[in-house]
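Engineer: Numbering (full-length UniProt numbering), first residue to last: 1 to 302.
If you're looking for bench data, these hints aren't it; they were derived computationally from the structure.
Every residue, glycine too, gets a C-beta built ideally from N, C-alpha and C.
Among the hints, a few may not be true.
Estimated spans, in silico, between C-beta atoms of each pair [as the list claims (entries may be wrong)]:
| id | residue 1 | residue 2 | range |
| --- | --- | --- | --- |
| 1 | Thr81 | Val187 | 40 to 50 Å |
| 2 | Lys227 | Glu184 | 41 to 51 Å |
| 3 | Met52 | Val260 | 28 to 38 Å |
| 4 | Asp251 | Ser26 | 15 to 25 Å |
| 5 | Ser158 | Phe46 | 42 to 52 Å |
| 6 | Asp251 | Ser158 | 46 to 56 Å |
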Amino acid sequence: MTKGSGASADREALCLVVETATLGVSVLSLCEKGDAFILAETGKVFKRENEMKKGISFPTSVSVNNCVCHFSPLKSDHDYTLKGGDLVKIDLGVHVDGFIANVAHSFVVGASKENPITGRKADVIKAAHLCAEAALRLVKPGNQNTQVTEAWNKIAHSFKANFFLLFHWLLLTLNFRKDQEKAEFEVHEVYAVGVLISTGEGKAREGATRTTIFKRDPSKQYGLKMKTSRMFFSEVERRFDAALLLSAFKDEAKARLGVVECAQHELLHEKEGNYLPLLFDQASKTAENATEQPTAYTEAVE
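Build the full structure now, drawing on both the sequences and the hints.
Structural biologist: Dropping the structure here:
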């Protein structure tokens, strides 16, 4: 593995989680398996580079049915066990020395060529697949992001659905550039393009579960008052450059307590989070197998 080949590790991690995500398996166990695999694989490379940071750029999250994304429960949280017919969205990311590779995939538990999914679930899966295919063709130097959104709008409309726009420009510093209303793609830029299709009105709202994934803002500084908060944030600075998961801390209770003051003063930000499939991939050569034809899904809308 080289600094720029984290994509191979994240695809292997994604395949592992997808293969494991079967009837009766818990979401927590899937998240733990994905993160453990990423840490094990990145731990094998650049062992002599003691100062080099590598590992998880985005924690494994497994979101089911109408949960949009970023669901990664703690051991102390209520877990969920997969059931037949569940629409599952898996999202994770790897980095080596700040070179990021994020990927996601959606599927229905129990779906196969012999037992295809039909109806609205199949519609949104097919729509997301076509949107991802369109993005792979349109995200190229000289084109603009609006060309992609126009194509997505036509595809979603043809399936009587709505889409969420997710564009992130991946920087080597692990910071995300904020979405722009209009931007032109340039040579050597690497974009992560996320496709979210909804059979509902296409608007996300905050759920009842507490946030477990946070994003660090290195530009912010604040003198934390609580000892627990200072100890927590010191570990954050030492171990994480981008997204962090509270379950990565040995003492979840102290992590939950320490994160409150950090979030209040914007040292950390919460990751914001009908049937919603997610396809999320790098707009680059690493995306060759990102949008496999969903033969296990028979759409209702022609």
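Engineer: Indicate, hint by hint, whether the structure satisfies it.
Structural biologist: Hint-by-hint comparison with the structure:
no., hint, verdict
1, Thr81 x Val187: 40 to 50 Å, "47 Å, holds"
2, Lys227 x Glu184: 41 to 51 Å, "48 Å, holds"
3, Met52 x Val260: 28 to 38 Å, "31 Å, holds"
4, Asp251 x Ser26: 15 to 25 Å, "22 Å, holds"
5, Ser158 x Phe46: 42 to 52 Å, "47 Å, holds"
6, Asp251 x Ser158: 46 to 56 Å, "50 Å, holds"
In terms of the numbered hints stated before, the structure departs from none.
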